[in-house]
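*Asks:* So you can see what is in the structure, the chains are spelled out below.
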Amino acid sequence: MKKTCTAALLAACLAFAAPASAYKYTKCGAFECEWPQYPIGYLVGENLESLFPGASDVAVDSLTRWNEGVQTFCDIRLNFGGTTTKAVADDDFDNIIFAQTSDWPYGTQVLAVTQCFFNSQGTMLDCDIAVNAQDWQWTDTNPGGHILSLRDTLTHEAGHFWGLDHTPTPAATMNATYSDAYVAADLDEDDIRGASDRYCDGSMPSDDGEEQNDSLKITGNPFEETTLTGLRLYDDDVWKIQVADGRFPKIEVLDNEPARHKHVAVFDLNHNLLGSSPCDGDCVVAPTLVPVATVQAFIRIQTDFARSGISAETYDMRVTQVTEVSQDELTDDDENDSGSEAQDNDEACGCSVMSGEAGGEPAAMMLLVLAAAVLWTVRRRC
Amino acid sequence: MKTRWAALVTALALLAAVPASATSVLRLTEEQLFRDADLVVTGRVTATRSRNAEGAPAIVTEVDLRVDGRLKGACGDTITILVPGGQIGERGLKIMGAPEFETGDRVLLALDRDAKETLRVRGLFQGRFTLIDAADGSVRAVADPWRHAAADLEKCDQADAADCLGEKTVVLTLDRVREILGASH
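Here the protein sequences line up with chains Y and B, keeping their order. So for the first sequence, the working numbering puts the first residue at 1; every next one is plus one. So for the second sequence, the working numbering puts the first residue at 383; every next one is plus one.
Hints were generated in silico from the structure; no laboratory data involved. Incorrect hints may have been included.
Okay, the calculated bits of chain B under chain Y, using three or more residues with CB under 8 Å as the criterion [stated by the list, open to error]:
| # | region |
| --- | --- |
| 1 | 407-414 |
| 2 | 418-432 |
| 3 | 435-443 |
Not the full set, but computed from the structure, chain B residues with beta-carbon under 7 Å of chain Y [to be verified]:
| # | residue |
| --- | --- |
| 4 | R452 |
| 5 | L453 |
| 6 | G455 |
| 7 | L506 |
Glycine is no exception: its CB is placed at the ideal position from the N, C-alpha and C atoms.
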């Protein structure tokens, strides 16, 4: 009976937690748009900076955010190549983000446009992002509603730069519209998967070779935790982590340097992404979609020695094996933990909703309520 | 400078009226999309032609539409719409978010006339809807971002097409468009 109930629980979790990838690729003629080679360079127009001080940094940050997401899967990036006096969209093979101050041809309602030249095979040759500076003033962010936020707008346009089309996924940066709680500068799982599936074939990244076959096995009591300290990071680390059957590994990457941006992702042995968390400071990923005894944890820490003054790349990792029952308690305990995004979705059924929007979306809420009802029924029978 | 301020004031007025917005395109409400359009028509695309243009965008496409319904404004039986981007031989230009057309497409369009009387789709992709026959016999207009799912709608058997295709899907009936336009007259 217990086995049947567990199976029912798993089935229910899978049914409601299935990732709803909806990203789409832009067509360049008859083919999907794709860059021919990497890395892809870009320049920022000096006029953007002169009109809106700080715009260059915002532009670079917006595109770097995509790099960080995609680099969870493979080493493809957009490279900032400096500034330029050019301020025109053409096919000169310079990819430019610039402010267009006159002759804006798309109408006042259009805030920015990504324009890509391509060949007959759909290969992108030159993409330029024009920001409508004829009709609009821009700021970095706008707490009042994110309108006229250069960061939000350029993050969205950078998705087009990668070849992504608009997606119906409400929380995605590439959604054509946004809801009240939406910030385009925050990439959704759907965005990252869209770009990485295109360029990295959706495969899991490999270790950087310095610490291959790192493994950690915890099979003792529930809540048993193991902390490894002073781990040396060589760009990327991949850990194989095993916990007891029926339990979940909660993986925390501990770092006292909030300046270091990290990306922790957890995959099953078939390279399916179970959960991920881009974060600063400490990262927590608890992929409780289903109890998977063995997972692979991919860890990347972005360190810019020149800017942050950090002299060593080390980190600590704490792995706790938790049971399904304990998950609710852990969620309560971790309410103030900014890195535990995966757990925020766990309250209904102890399973993560990878790309769903738990808050603010009526349909998602209905799903969660429905899931809770099913689980309550199953548990009651158990 | 006066023009710029006027545009800014117009834009701010739009912002004040619109609670939600796209990141690169201000979202027009259904009322703003249709009531403020110069022309609202239904029809079928009969031909498309891309050509080089001066300035940006460097390539534009002319779209011929055989009009079978006029919901707002007057026009002939065939109209030509100009959309940014297109392909000429080996060279193509993609304007991300711009509406695209293929011969045979059945569409509902909200159009603006510019100073040269050229017809353009209003609000970039927002003014283009794909027309499909729903299972209940009605004609539905699916907003451009969901056009890929339009075929699925034909299989839907629910009264509320949005429920069928998924949350946030913008699907209108032509009666709804007429209702919006009727309220403004």
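*Asks:* Each hint: holds or not?
*Replies:* To see whether the hints hold, each was checked on the structure:
1. 407-414: holds (count 4)
2. 418-432: violated (count 0)
3. 435-443: Per the Cβ count (4), the hint holds.
4. R452: violated, 22 Å
5. L453: Nearest chain Y Cβ about 21 Å off; hint violated.
6. G455: At 18 Å from the nearest chain Y Cβ, G455(B) fails the 7 Å test, so the hint is violated.
7. L506: Check passed: Cβ of L506(B) comes within 5 Å of chain Y, closer than 7 Å.
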